[in-house]
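Chemist: If you're matching them up, the sequences are chains W and U in order. So the first sequence is residues 1 to 335, counted in our numbering. So the second sequence is residues 1 to 335, counted in our numbering.
Please note that a few of the clues may not be correct.
Not everything, but these chain W residues come out facing chain U in the computed CB check (under 10 Å) [claimed, not checked]:
1. Gly59
2. Ser101
3. Ala184
4. Ser187
5. Glu261
Derived by calculation from the structure, the hints in this document are not laboratory data. Backbone N, C-alpha and C fix where the C-beta goes; we use that ideal spot for every residue, glycine too.
2 protein chains.
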Amino acid sequence: LAYNSMDLFSTEIQFTDWLAKQSAGKARGLRLGIGDDAALVEPRRGFQWVVTTDLSVEGVHFSARLHPPEAVGHRAVARSLSDVAAMGGEPRFALVSLALSRRVKRPWIKAFFAGAIGLARGHRVKLVGGDTALNAGQTVADVTVLGEVPRGEALLRSGARPGDQICVAGELGDSALGLRLLKASVSPRSPSTREAVRAHLYPEPQCGLGVFLARRRIASAAIDLSDGLSTDLRRLTQASKAGARIWADRIPAPAAPAGDEERDALLALALHGGEDYKLLFTVPLSRMELVPKRFNRTVIYRIGEIEHRRLGVQIVQNGKAVPLKAQGYDHFRIG
Amino acid sequence: LAYNSMDLFSTEIQFTDWLAKQSAGKARGLRLGIGDDAALVEPRRGFQWVVTTDLSVEGVHFSARLHPPEAVGHRAVARSLSDVAAMGGEPRFALVSLALSRRVKRPWIKAFFAGAIGLARGHRVKLVGGDTALNAGQTVADVTVLGEVPRGEALLRSGARPGDQICVAGELGDSALGLRLLKASVSPRSPSTREAVRAHLYPEPQCGLGVFLARRRIASAAIDLSDGLSTDLRRLTQASKAGARIWADRIPAPAAPAGDEERDALLALALHGGEDYKLLFTVPLSRMELVPKRFNRTVIYRIGEIEHRRLGVQIVQNGKAVPLKAQGYDHFRIG
Numbered sequence: 001l002a003y004n005s006m007d008l009f010s011t012e013i014q015f016t017d018w019l020a021k022q023s024a025g026k027a028r029g030l031r032l033g034i035g036d037d038a039a040l041v042e043p044r045r046g047f048q049w050v051v052t053t054d055l056s057v058e059g060v061h062f063s064a065r066l067h068p069p070e071a072v073g074h075r076a077v078a079r080s081l082s083d084v085a086a087m088g089g090e091p092r093f094a095l096v097s098l099a100l101s102r103r104v105k106r107p108w109i110k111a112f113f114a115g116a117i118g119l120a121r122g123h124r125v126k127l128v129g130g131d132t133a134l135n136a137g138q139t140v141a142d143v144t145v146l147g148e149v150p151r152g153e154a155l156l157r158s159g160a161r162p163g164d165q166i167c168v169a170g171e172l173g174d175s176a177l178g179l180r181l182l183k184a185s186v187s188p189r190s191p192s193t194r195e196a197v198r199a200h201l202y203p204e205p206q207c208g209l210g211v212f213l214a215r216r217r218i219a220s221a222a223i224d225l226s227d228g229l230s231t232d233l234r235r236l237t238q239a240s241k242a243g244a245r246i247w248a249d250r251i252p253a254p255a256a257p258a259g260d261e262e263r264d265a266l267l268a269l270a271l272h273g274g275e276d277y278k279l280l281f282t283v284p285l286s287r288m289e290l291v292p293k294r295f296n297r298t299v300i301y302r303i304g305e306i307e308h309r310r311l312g313v314q315i316v317q318n319g320k321a322v323p324l325k326a327q328g329y330d331h332f333r334i335g
Numbered sequence: 001l002a003y004n005s006m007d008l009f010s011t012e013i014q015f016t017d018w019l020a021k022q023s024a025g026k027a028r029g030l031r032l033g034i035g036d037d038a039a040l041v042e043p044r045r046g047f048q049w050v051v052t053t054d055l056s057v058e059g060v061h062f063s064a065r066l067h068p069p070e071a072v073g074h075r076a077v078a079r080s081l082s083d084v085a086a087m088g089g090e091p092r093f094a095l096v097s098l099a100l101s102r103r104v105k106r107p108w109i110k111a112f113f114a115g116a117i118g119l120a121r122g123h124r125v126k127l128v129g130g131d132t133a134l135n136a137g138q139t140v141a142d143v144t145v146l147g148e149v150p151r152g153e154a155l156l157r158s159g160a161r162p163g164d165q166i167c168v169a170g171e172l173g174d175s176a177l178g179l180r181l182l183k184a185s186v187s188p189r190s191p192s193t194r195e196a197v198r199a200h201l202y203p204e205p206q207c208g209l210g211v212f213l214a215r216r217r218i219a220s221a222a223i224d225l226s227d228g229l230s231t232d233l234r235r236l237t238q239a240s241k242a243g244a245r246i247w248a249d250r251i252p253a254p255a256a257p258a259g260d261e262e263r264d265a266l267l268a269l270a271l272h273g274g275e276d277y278k279l280l281f282t283v284p285l286s287r288m289e290l291v292p293k294r295f296n297r298t299v300i301y302r303i304g305e306i307e308h309r310r311l312g313v314q315i316v317q318n319g320k321a322v323p324l325k326a327q328g329y330d331h332f333r334i335g
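Generate the whole structure from the sequences, applying the supplied hints.
Modeler: Here you go:
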């Protein structure tokens with residue numbers, strides 16, 4: 001992004017022009033991007049559209065102190081891309097709305113969009129619209145993403161059946177651990193510390209994997225792990241009218257350098273931490289041979305099995321199956 | 001909307017269930033609504049999609065003191081519907097994101113959605129998604145609307161040519177006048193006072209007119225009057241690389257009960273007030289015979305003509321043409 005002049009953004013028209021430049025260029029199906037009353041896009045024949053929108057609120061999803069503006073923009077877009085990934089969609093277009101706190105300075109705005117547009121570009125997603133306003137309170141971003149999926153191929157939460165294997169792509173709990181380290185102002189000495197902080201600030205949505213699982217009809221159901229495994233697994237089982245059993249020792253939690261106590265705390269981060277943006281998906285036993293050990297460099301872990309509904313959601317720990325309570329992030333559970 | 005129980009919304013899942021119920025039912029092209037990671041919609045063959053998103057920020061677009069929650073929801077959806085109308089699109093689906101101030105009580109939320117969903121229903125628009133979060137600061141809503149338009153028929157800002165007639169559908173300035181009356185706590189004694197307050201609180205997007213103008217290829221360009229005639233006309237002429245001349249005495253400003261001074265103030269509201277959500281469109285002279293005097297009950301006014309670019313945007317008042325400065329609402333012009 002070019003920092004041409006500090007008197008950019010003195011009017012909304014100039015801001016829109018600047019933004020249009022950052023997201024200029026052609027894209028398949030794009031007829032009209034930023035600059036008119038609305039964007040104009042043309043879907044491919046035989047494709048359905050996946051549409052999702054996600055808020056990123058200062059003080060809830062990020063803090064001005066802990067999160068650099070590039071990370072705020074990156075994470076805001078990652079939230080929506082991850083939803084499209086969970087449906088098996090190929091993300092195509094994004095709209096970014098930003099209600100800016102009056103405390104925010106212009107370099108923050110540019111860095112926010114650098115992060116947002118940077119991640120979008122990496123997934124070949126075009127910024128085609130949005131809105132901006134000044135806000136007396138917190139900064140609030142809302143990102144809408146449109147993706148394409150061939151008719152009838154979308155992955156839903158509701159397709160899991162008893163006997164299906166529960167898989168997760170990549171490690172869990174790193175994002176929550178990274179947030180903890182950021183809060184404690186731990187300087188990133190070790191590679192694993194650095195990795196956790198990076199996982200928190202710059203999560204990578206698994207769009208390629210989602211498309212792979214959908215097109216090859218491998219997964220029976222999928223959801224992205226945005227609010228924590230315990231909460232999101234419950235959402236998947238509820239939608240599928242099923243139960244589930246997972247094994248604690250198969251959950252790819254962050255490695256514990258110390259003793260058992262530390263290990264339990266790290267397992268809790270993997271179960272309830274949230275913001276991992278990894279895909280949780282279920283696979284019928286007969287299709288398990290189609291699941292690769294790794295997708296690109298991401299390890300696929302088999303962590304449990306879909307059960308009958310009456311079993312609820314259980315976790316097997318130290319040889320005992322106990323109910324797994326949904327303790328992940330819930331925006332409407334206050335205090 | 002049913003007020004079943006005050007312990008609704010104790011968790012996000014319950015809230016989502018409640019919202020899904022409010023927006024339940026089938027719609028053409030809707031494959032999956034609220035409840036999964038994303039909505040799934042299917043476009044009609046040969047149609048393009050109009051996509052827009054608009055913020056409604058407490059303290060900027062509404063205030064908790066002056067605007068009842070139904071009006072906040074109605075206006076938030078109206079902003080996006082009006083953008084789709086300006087492109088000649090038929091609105092189909094909406095996503096509503098709401099970052100709620102912690103000061104807000106549950107009845108406010110329900111009334112907000114009653115207003116939002118009520119207007120959407122009136123335009124046969126289905127709520128298919130959104131997001132919610134609690135916000136330490138102001139309430140912020142962001143509404144995304146998807147509309148359909150036959151390929152190549154969308155109305156753009158950029159199509160106006162010198163000689164085209166400039167038209168506006170309905171009266172201007174009522175919304176700004178209504179806001180003024182609300183601020184002054186004037187009780188709505190006269191019908192015109194009531195009408196102005198109503199125009200402010202419950203603006204009616206002109207989607208039917210937009211579709212009419214696009215399908216019959218009447219308009220060469222269009223924009224919706226969200227930020228005031230002086231600002232939005234400039235946007236249209238800039239996109240069209242043209243100038244414009246409008247006549248003050250043709251602008252359908254609120255009627256002045258008193259003298260000239262009052263009339264000038266009311267004209268200023270019509271020129272710069274904003275939030276009218278009426279369509280401003282241009283029509284080649286040869287197509288003017290196709291413009292009806294009224295569309296449904298809305299009077300169409302011819303207020304000026306597109307000129308060459310070098311003329312800029314002028315207003316003719318008392319026989320003299322003077323430059324019309326863009327003085328409408330601009331979110332990035334502070335103070």
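Chemist: Look at each hint and say if it fits the structure.
Modeler: Here is how each hint holds up against the structure:
1. Gly59: At 5 Å from the nearest chain U Cβ, glycine 59 of chain W passes the 10 Å test, so the hint holds.
2. Ser101: holds (8 Å)
3. Ala184: Result: violated, 22 Å to nearest chain U Cβ.
4. Ser187: violated (29 Å)
5. Glu261: violated (30 Å)
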